[in-house]
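Residue numbers (the numbering used here), protein chains in the order written: chain A, 31 to 141; chain B, 69 to 177.
I should point out that these hints are in silico values taken from the structure, not numbers from a laboratory.
Treat the hints loosely; a few may be bogus.
[To be verified] What follows is a list of derived Cβ distance ranges for each label pair: (1) A/114 / B/107: 22 to 30 Å; (2) A/139 / B/133: 36 to 44 Å; (3) A/84 / B/83: 45 to 53 Å; (4) A/141 / B/120: 27 to 35 Å; (5) B/124 / A/95: 33 to 41 Å; (6) A/48 / B/148: 27 to 35 Å.
The C-beta atom is built at its ideal place from N, Cα and C for all residues, glycine as well.
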Amino acid sequence: DAGITQSPRHKVTETGTPVTLRCHQTENHRYMYWYRQDPGHGLRLIHYSYGVKDTDKGEVSDGYSVSRSKTEDFLLTLESATSSQTSVYFCATQPGTDTQYFGPGTRLTVL
Amino acid sequence: AQRVTQPEKLLSVFKGAPVELKCNYSYSGSPELFWYVQYSRQRLQLLLRHISRESIKGFTADLNKGETSFHLKKPFAQEEDSAMYYCALGTTTGNQFYFGTGTSLTVIP
Chain A
31 DAGITQSPRH KVTETGTPVT LRCHQTENHR YMYWYRQDPG HGLRLIHYSY
81 GVKDTDKGEV SDGYSVSRSK TEDFLLTLES ATSSQTSVYF CATQPGTDTQ
131 YFGPGTRLTV L
Chain B
69 AQRVTQPEKL LSVFKGAPVE LKCNYSYSGS PELFWYVQYS RQRLQLLLRH
119 ISRESIKGFT ADLNKGETSF HLKKPFAQEE DSAMYYCALG TTTGNQFYFG
169 TGTSLTVIP
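Pulled out of the complex, with its shape left as it was, chain A reads as follows (with noise of 0.2 Å):
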């Protein structure tokens, strides 16, 4: 599992609050990403790191942000959460050209 935890596990919210979910590495792996699950749409990026203060755009990144300050911590922040915002988030993780790591997923409900 490489070590990848993601916080918290399950969470409710409403809409238009923020919402920040975490993860965390203890492998020292370099490359971090963020996706979302959707039945039909499979795993969508939504941003990734490749470095501390290094990270770029994925696929659907409109409405979330991320920060990396830590080699081992990725944050995924909803400034303002909606309903479409309603996925099964997965964190992952990359030592270099080789294959990712997945987190156990955060459920995130926007109601």
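Please build the complex by placing chain B on the supplied structure of chain A, with the hints as guidance.
Structure of chain B alone, referenced to chain A:
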């Protein structure tokens, strides 16, 4: 543009029958292909990578560059194979993975 296509959203087979999950990709460079498996409400786990050419849990997958395919096969399906399977394309630049939409496999006892 990079793309991964898994044409079957749902696939049901009987226990003991052969199973093939299809994956096609589009990429102009040298691809790295992976299969990930996700059991019910669990995290995604790497099942196979094309570069290692190994068999895991009886599954194999061969990269066919001519047909741009990386189909996953198993000769005799087991009930514990029921899961969601994702094909993924890794690119040589950018360190991004592109995932297909997944195939939900159900093995009927």
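Exercise. What hint numbers does the structure not satisfy?
Worked result: As far as the earlier hints go, 4, 6 are violated by this structure, in ascending order.
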